[in-house]
Structures are given as C-alpha cells and as structure tokens.
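> Given next are the chains, with one letter for each unit.
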Amino acid sequence: MPSYSVKVNGKSLTVNVDSDTPLLWVLRDELNLVGTKFGCGIAQCGACTIHIDGTATRSCQMQISMVDGMEITTIEGLSKDGSHPVQQAWKEIDVPQCGYCQAGQMMTACAFLKENPNPSDKEIREAMHGNICRCASYNRIEKAVKVASKNMS
Amino acid sequence: MESKNNTFNFSRRNFLRTSALASGGLLIGFNILSACKSDAVMPVDVESLNFNDFNAFIRISEEGYVTIFSPNPEIGQGVKTSMPMIIAEELEVAWKNVFVAQGALDNKNFQRQVAGGSQSIRFGWDALRQTGATAKQMLINAAAKKWNVDPSTCTVSEGIITNANGDKLGYGEVVKEAATLEVPENVPLKKAKDYKIIGQEITNVDIDKIVTGKPLFGLDYKAEGMLYASVLRPPAFGKKLVSFDDTKAKAVNGVTDVVRFGEKLKKIENQASRFTSITDKIAVIGTSTWAVMKGKKALIAQWEDDGKLESTEDHNRELFKILDGKKFDTRREDGNIKNAFAKADKVIERTYESPFLPHNCMEPMNFYANITPEKMHLVGPIQTPAWVSGMVSAMFDRKPDEMHLEMTRMGGGFGRRLYGDFALEAAEISGLTKKPIKVVFSREDDMAAGTYRPAIKYRIKASLKDGKISGYHLKEAAINSNMYGLIPNFFPAGCIPNYKVSTGNYKSNITTGAWRAPYTNFLAFAEQNFFRELADELGKDHPQLIIELLQNVKGTKDERIQYSGQRMEDTIKLVVEKSNWGNTENGVYQGFAAYYSHNTHVAEVADIVLKNGIPKVQKVTVAVDCGIVINPTGARNQLEGGVLDGIGHAMYGSFTFKDGRPQAVNFDRYRMIRMNETPQVDVHFVQNEESPTGLGEPGLPPAGGAVANAIKVATGQQLFSQPFTNELSTKSKVLG
Numbered sequence: 001m002p003s004y005s006v007k008v009n010g011k012s013l014t015v016n017v018d019s020d021t022p023l024l025w026v027l028r029d030e031l032n033l034v035g036t037k038f039g040c041g042i043a044q045c046g047a048c049t050i051h052i053d054g055t056a057t058r059s060c061q062m063q064i065s066m067v068d069g070m071e072i073t074t075i076e077g078l079s080k081d082g083s084h085p086v087q088q089a090w091k092e093i094d095v096p097q098c099g100y101c102q103a104g105q106m107m108t109a110c111a112f113l114k115e116n117p118n119p120s121d122k123e124i125r126e127a128m129h130g131n132i133c134r135c136a137s138y139n140r141i142e143k144a145v146k147v148a149s150k151n152m153s
Numbered sequence: 154m155e156s157k158n159n160t161f162n163f164s165r166r167n168f169l170r171t172s173a174l175a176s177g178g179l180l181i182g183f184n185i186l187s188a189c190k191s192d193a194v195m196p197v198d199v200e201s202l203n204f205n206d207f208n209a210f211i212r213i214s215e216e217g218y219v220t221i222f223s224p225n226p227e228i229g230q231g232v233k234t235s236m237p238m239i240i241a242e243e244l245e246v247a248w249k250n251v252f253v254a255q256g257a258l259d260n261k262n263f264q265r266q267v268a269g270g271s272q273s274i275r276f277g278w279d280a281l282r283q284t285g286a287t288a289k290q291m292l293i294n295a296a297a298k299k300w301n302v303d304p305s306t307c308t309v310s311e312g313i314i315t316n317a318n319g320d321k322l323g324y325g326e327v328v329k330e331a332a333t334l335e336v337p338e339n340v341p342l343k344k345a346k347d348y349k350i351i352g353q354e355i356t357n358v359d360i361d362k363i364v365t366g367k368p369l370f371g372l373d374y375k376a377e378g379m380l381y382a383s384v385l386r387p388p389a390f391g392k393k394l395v396s397f398d399d400t401k402a403k404a405v406n407g408v409t410d411v412v413r414f415g416e417k418l419k420k421i422e423n424q425a426s427r428f429t430s431i432t433d434k435i436a437v438i439g440t441s442t443w444a445v446m447k448g449k450k451a452l453i454a455q456w457e458d459d460g461k462l463e464s465t466e467d468h469n470r471e472l473f474k475i476l477d478g479k480k481f482d483t484r485r486e487d488g489n490i491k492n493a494f495a496k497a498d499k500v501i502e503r504t505y506e507s508p509f510l511p512h513n514c515m516e517p518m519n520f521y522a523n524i525t526p527e528k529m530h531l532v533g534p535i536q537t538p539a540w541v542s543g544m545v546s547a548m549f550d551r552k553p554d555e556m557h558l559e560m561t562r563m564g565g566g567f568g569r570r571l572y573g574d575f576a577l578e579a580a581e582i583s584g585l586t587k588k589p590i591k592v593v594f595s596r597e598d599d600m601a602a603g604t605y606r607p608a609i610k611y612r613i614k615a616s617l618k619d620g621k622i623s624g625y626h627l628k629e630a631a632i633n634s635n636m637y638g639l640i641p642n643f644f645p646a647g648c649i650p651n652y653k654v655s656t657g658n659y660k661s662n663i664t665t666g667a668w669r670a671p672y673t674n675f676l677a678f679a680e681q682n683f684f685r686e687l688a689d690e691l692g693k694d695h696p697q698l699i700i701e702l703l704q705n706v707k708g709t710k711d712e713r714i715q716y717s718g719q720r721m722e723d724t725i726k727l728v729v730e731k732s733n734w735g736n737t738e739n740g741v742y743q744g745f746a747a748y749y750s751h752n753t754h755v756a757e758v759a760d761i762v763l764k765n766g767i768p769k770v771q772k773v774t775v776a777v778d779c780g781i782v783i784n785p786t787g788a789r790n791q792l793e794g795g796v797l798d799g800i801g802h803a804m805y806g807s808f809t810f811k812d813g814r815p816q817a818v819n820f821d822r823y824r825m826i827r828m829n830e831t832p833q834v835d836v837h838f839v840q841n842e843e844s845p846t847g848l849g850e851p852g853l854p855p856a857g858g859a860v861a862n863a864i865k866v867a868t869g870q871q872l873f874s875q876p877f878t879n880e881l882s883t884k885s886k887v888l889g
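Residue numbers (the working numbering), protein chains in the order written: chain A, 1 to 153; chain B, 154 to 889.
Simulated from the structure, these hints should not be mistaken for laboratory data. Glycine included, every Cβ here is placed at the ideal spot set by N, Cα and C. A hint or two may mislead.
[Unchecked claim] List time: in silico SDA-like cross-link candidates among lysine to any residue, alpha-carbon distance up to 25 Å:
no., chain 1, residue 1, chain 2, residue 2
1, B, Lys499, B, Lys618
2, B, Lys588, A, Lys114
3, B, Lys480, B, Asn658
4, B, Lys401, A, Pro2
5, B, Lys461, B, Thr432
6, A, Lys91, B, Pro368
7, A, Lys146, B, Asp361
8, B, Lys621, B, Thr432
9, B, Lys403, A, Asp18
10, A, Lys114, B, Thr365
11, A, Lys122, B, Arg824
12, B, Lys811, B, Arg427
13, B, Lys362, A, Asp81
14, A, Lys7, B, Lys362
15, B, Lys811, B, Asp467
16, B, Lys367, A, Lys122
[As the list claims (entries may be wrong)] Simulated restraints on C-beta separations:
no., chain 1, residue 1, chain 2, residue 2, range
17, A, Lys122, B, Lys693, 49 to 57 Å
18, A, Pro2, B, Asp361, 35 to 43 Å
19, B, Asp711, A, Glu126, 49 to 57 Å
20, A, Lys122, B, Gln424, 45 to 53 Å
21, B, Asp554, A, Asp68, 46 to 54 Å
22, B, Ala247, A, Thr55, 38 to 46 Å
Construct the entire structure; sequences and hints are all you get.
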C-alpha cells in the first residue's frame, strides 16, 4: 500500500493505506483519533468536520491522496485541555445531549468564527446549517457560537 | 412506599449493601431495578450475593471524595447527571466533590440493568433518595459512635458532620467505621425546600470528554485483534439471499474474509423477526472500516422474492381499508357513542395520515462481539443488554453467565437501540470466524435496515350537541402493532361522556418498532389539530375549550385515567400566560397544543410568521409539569430538543417504500431539520413538589399540532398529514 505523510495536530505522521481511503477512516482507524465522527459518508451531516490548512472540511470526502503533506486539525488538537473559547462556550451553555455530533459542530464553529469573528444571528444560523444534530440541540449550539464569539473578541 | 411523613418503611436490605473497601473507604451498592419497585424483592437470598449483584454504587474515599457509579446507559437524555444528583442531594455532599462514572458492568447479573423510556427518573426517584439518605445516616451513626453522642444531635453540611459541642468529622474520617455498621431503617428524607443540588443547573458530567473528542461511543471502541465487518443485507423487505460472488470483494486491500451467515439467527426467529429480516446475509471482514465498506460494494449477490414486496401505495390502501371497514378492537368505550352520533346537531369526521420514519441516530448502529469457547464478550451501544444477552446465549446454546456485556455511551437512541439486531449479527459473525468482530453500519445500512416508526392513520369523529362535544370516536389503523394499553385512557378519556377508541392492524414484513414517544408522536398532532377545529366550530378559544373539558375529569374515580385534569389545566394556563396567547404583534400567528404522555403534562404554543407567503416557525413556548425539576439545564435541553425534533419530523419527515425498498437511504434524500430552520424554544416549568417524571419524550408530541394549528391561522390551510411539506407544496414550495 502506498505511504502518505500527514501533519495531524502538529505531529508529522506516515500512514500506509489505499489512496482512496477517506481521511475520516485514516484518523479513526489508523491514527486512533476517534473524536472525528462518522455520520453519513457523503458530506451531508458534518459529523466528520475537521480543519485542513485551517479550513473546515468534511473528512469523509477527502481521500488521503488529496491531503498528502497538508496540515490537519481535529477536535483532539483544538486545544491541549479543552480551553479553546469554542470548547469553553460549549461547556458554559451545556450544549450536548447525546454529544455525538458536537465535535463536528465545534470544528465548523471554530473555522467560521476565524473568518467572521462577530457574526450576526442570521450568519450563525446559515454557517451552522450544514451540521445535523439529531437530538436537535440547535438553540444551544447557536447560543454557544455567540458566547464563543464574544469571548474571542 | 413513601409515607406521608417523608420516611420509608420498606426494607432497603433488599437492594442496598455496604462494605469496607480494601483501599480504604466505603462502598455502598444498590440494585436500581429492585430498588425502583417498592414491592420488589431480590430473586435470591441477599446475604449470599456479592457486589456483582448490584448495578449502582456510591464509593466514599478516606479523603471524603464521593464517586457515584450511574447505573443507567446514557443515550443523551441526561440521566448520568440527574440520577447521581438525587443521590448526592440526600447524601449531603458538595457536588464539586462528586465524581460520576458509568456503573461497573456486571458479568453475571447485568439483566437487572435498565434503560430508558422516559422512566429512569420517575422510577429512580424514591430509591435514589433513599440510598443517599441511608448512606448519610450510616456516616452520622459512625461519627456519633466515635464521639459517644446521640446521632440525632449531629448535623451534616457538605460532607462534614458536626455535633452539639461543635466538634467536626469529615465523611472520609468515618467511612471505615460506617462500613461495619448495620444498615439503618426508616431514614428521613429531605424536604424539597431544603434542596441544595436538586434544582441547580448542573452541567452534563461527560462534557469535558465530549468537547475534547475522547472515546465514549460504541463506534469508538477498539480491542486487540479486532476486525471490522460490513454486512450486505437484502436490498428490499421480502427478499432472501440465493448466492453471491465475492471474488472482487476479496481482492480489496484489507479484506480478510467474506462469510455467509444467518443460521444462528434462525434459531431465535420468533423473537427476532419483528425487527430484522430473517434471511442469510453476507459479512465482509477486514482490517479497517473503509476496506470492509469497499469490499461490500464489490460483492455481487443474487436475491429472490420471499414474500410481499410492499410499496407505500399498498400501505395507504390497506390502512384505508381498515378505517373504512368494521374489523376493529375496542380499546375503551364510555357511554353510548352510536346514540351520541344519532342525536348530534353536527358530526365532524377527519382523517390524519403519517408516514414511516427511520430513527437516524447520528451514531450508526454498531456492535463488538468476541465469542470464544471461554466466554462471550459483547460491547456497544444498546438499551436492552439483558435481551441481547439472552438471545446471543440462545443462538450459541451457551449459559448467560458466560456473557460479559458492556454498554457504551450512545450517539442517540430514539428507540432504535432497543432492538439488538446489530449485536446479534456481530455475535454470529464472531462465532463463525472465531475472531473479535466489530459490525459497523454505513448510513445507508442504518436507514435501509431500520426498525421504523410504522405508518399510521387516525380517523376521528365527534358529535356536537347544544354547543358541547357529546361524542368522540378515535379509530387507529396502524402497521404491525397498535397503540399501547394506557393511551386510550389519555385525554380526552373521562372528559367526553360518549367516548370510544378502536384499533385495527395490518401486518407488514417491513420491520417496525418504537420511535421517540411511540404512537403519541403522531396521535397528539391528529388529536390537537382536531380539537382546534372543534373549537373553531364551537366558536371557542382552543386552550379554553380544553380547559373546559378538563373540568369533567377532575375528581374522577376511574383509575384507568392516566392524566390529571388539574395539572393539565395549570400547564395550559402557564403556556397561555408565557406565550402572550392572543396578544401577539401584527403578523405573528399562534397555534396551541397540549398533550399528556410519559407521565408528564405539556402544553405548547407555536408562533409563526409568513415570509413571502411561506410559514416560518419563529418561536415555541413550552409549559411543562414534570414535578420537581432535578436539573433545569438538562430538563430544558430535553424539551428544546424534543420540540425541534417534533417540528422537524412533522414538517419534513418522509419515508416511502417502492417494492419493499426504502426510497431514501441517506441524508441527501432524507431531510432532517437544520439550524437555519429552527425556532427558539422557550421553556417554563410548573412549580410544584410532585415526584419528578421523565422528559426524554413528552416534549415532542404536541409540537407538530401547535405548528399545524398556527399554519391554519396564518394561511387558512388545514393540514391533515405529515410531512407538512407535501401538503403545503400545493401553495408554497419550501417551509422553514
């Protein structure tokens, strides 16, 4: 199997997988970073959202051969100790119910707030609409993004 | 049973035991299921049992720290936080000194572990309080013995015991002695006004792990030597496997084996056929999830018909045939319904229709199994571990005590994880291959091999006489099973003198099961939509009509009646007040619905605005009577989610079949509610000191009805079926 080098959460790593293996499964099965979740496999739910060179991306749609050499950040790499303002906001608002989709929600929110540090309510609702929460904790996700925005500014 | 003076008299020895820990400290074990029933006794002599027979524990260390092992699986309903809060309250410790862990899993007696149904808090309330209070009393008794004083002269605050002289001892300093004492009887419980933890906003105990992406869920579980399996199941309900070619599948990198399986499942066919297709299936096994998913796509399989290949049109025809026919079971009948209709001034009859719905838990179904000659080891997200354990033992002709079953946190349940088909598959594949196996469903597998909410149609007929509702006849035509026994005794039973509930049934080979708030998730829409129309017909305000009807059930001697007229009235009055009912600003249209289910009274008002003629839900005000609110932040979270879930499925949930084949298998063709479509949910609790009830389900049922009723006011259009988008599409393309 071919070999690929990736930089995940600041660490340079080499993986030997088929070229069409989605980054999602490389992270989960090969690198044991299971915080990134599998939801649909077709980029419709956002559970697998990570950052590639700082941009929020669906890892289920990124084949390993497409990200060779790129910098990848997962939920595990957002902060050392859960201290990122988005993580703090998620705690303050007590967002999760089952919690499964929340890593993807937070990764989307982080990248969005970097682009748009002071978003309007409408901008938040539009930016987050790609991430499904089956428990429908949407009101709290919305509030947490606002709190994070305030705390980051 | 709880007596009036707030003490308990039933023997707690039946479910509670203490022991000194080798590492120092005190361990208190209790059996949550036995404890939760006041008349329950342990099945065997309690003295002969060890701590494996208890499924929940309190551990108090010599440093005074308290660890509470929460017994119930967490599916997002918050019990891992709220149940330990109840113990900590009576134990009289500071919440900051409490750690919560998922209960240690018991490899012999796991069948006493319980899961969900909006009942955990309701059944646990007395037992959890009593456990905490008993532990506290033992610690006080130990301190009093040390001081040689009467325990009744001692007080406790935040884990520190103080005597009349002002001497102090921490819990940690007396745990060794406490472990040697008798378990006291008749321990007093705290009064609600003295609560320090119950009623506080306590953040979800797993929050740190969730926000940092730690392994918590079944899909995150890994074991030494574990292989992944992806299963090819029949492409349609009513098909069975003939043969297959696995040449290409086996050529995929990482695929180690392809096996046909299903013989073991046939041994338990009678129990399993309701929720999984009984036919051979094909498992592709390999070293990574991606390899087995790819391998499965490369399989070429031949299937043949093994029964009816049903389509949605067939279901519609069959359900209407039931509604139009005479083959019904009578589930409740009061007065003389025929007479009421014969003498009516006016009779109104309406039919309401709902589709099948998949559960769509965000974490697709998965399970780990390792079946070896020594033991059977299962790990994963499951709400019914006892059932799965029994079935797997039966499949392999093994004794249940050879089973070790562990439960993980669940990425949503909504009823889907009551059915352990995925665990049975993992076990059979592991047994066949003699390997530790993790079965992983793709989203397509998850949606196509569901235990769906069945399609149901309701026909409701009411008679009006002298400005009153004199008769009410509800007919249910459902697929596979009908409303459970308590529902015919919900509102408006007892409120209308001539009342009847009839149910009829069509048997399908499509697998069905419980889905969040079974039956009531749609019945509430039909009923509250109908009452809104009756209110319009009678020229009355909808909430006012319901309150008037509720007067008739107050003081009823009918023990079958499930709800309280007074509590429902108070709940309705609260939502009327908080929603500013009838006094909204221009351009805002309101709809109301009230519904009792899962022992909880809920009333909701939806506020709708029209944007370019398209109805948009802006806000939902919720009033709820769930008794004492244990954890307001967790309680509100459940209600916010329940309301949005109810609205999402009422508006968009559409799941149809063509020749036995689901017409949507992923989120590209199955529409879920998203953030930009959600209203703000504003939750208010009725303040009282009634025993607490669960909130996982009861917030959902009224939501669809409240929205439909608001749409009627806003647009004049009455909605009779879900999803609303189908009916509304004649007027407006998009809703949201």
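> Each hint needs a verdict: does it hold in this structure or not?
How the hints compare with the structure:
no.	hint	result
1	Lys499(B) - Lys618(B)	7 Å, holds
2	Lys588(B) - Lys114(A)	46 Å, violated
3	Lys480(B) - Asn658(B)	9 Å, holds
4	Lys401(B) - Pro2(A)	20 Å, holds
5	Lys461(B) - Thr432(B)	15 Å, holds
6	Lys91(A) - Pro368(B)	18 Å, holds
7	Lys146(A) - Asp361(B)	20 Å, holds
8	Lys621(B) - Thr432(B)	55 Å, violated
9	Lys403(B) - Asp18(A)	15 Å, holds
10	Lys114(A) - Thr365(B)	19 Å, holds
11	Lys122(A) - Arg824(B)	21 Å, holds
12	Lys811(B) - Arg427(B)	20 Å, holds
13	Lys362(B) - Asp81(A)	10 Å, holds
14	Lys7(A) - Lys362(B)	23 Å, holds
15	Lys811(B) - Asp467(B)	9 Å, holds
16	Lys367(B) - Lys122(A)	31 Å, violated
17	Lys122(A) - Lys693(B): 49 to 57 Å	39 Å, violated
18	Pro2(A) - Asp361(B): 35 to 43 Å	38 Å, holds
19	Asp711(B) - Glu126(A): 49 to 57 Å	52 Å, holds
20	Lys122(A) - Gln424(B): 45 to 53 Å	51 Å, holds
21	Asp554(B) - Asp68(A): 46 to 54 Å	51 Å, holds
22	Ala247(B) - Thr55(A): 38 to 46 Å	44 Å, holds
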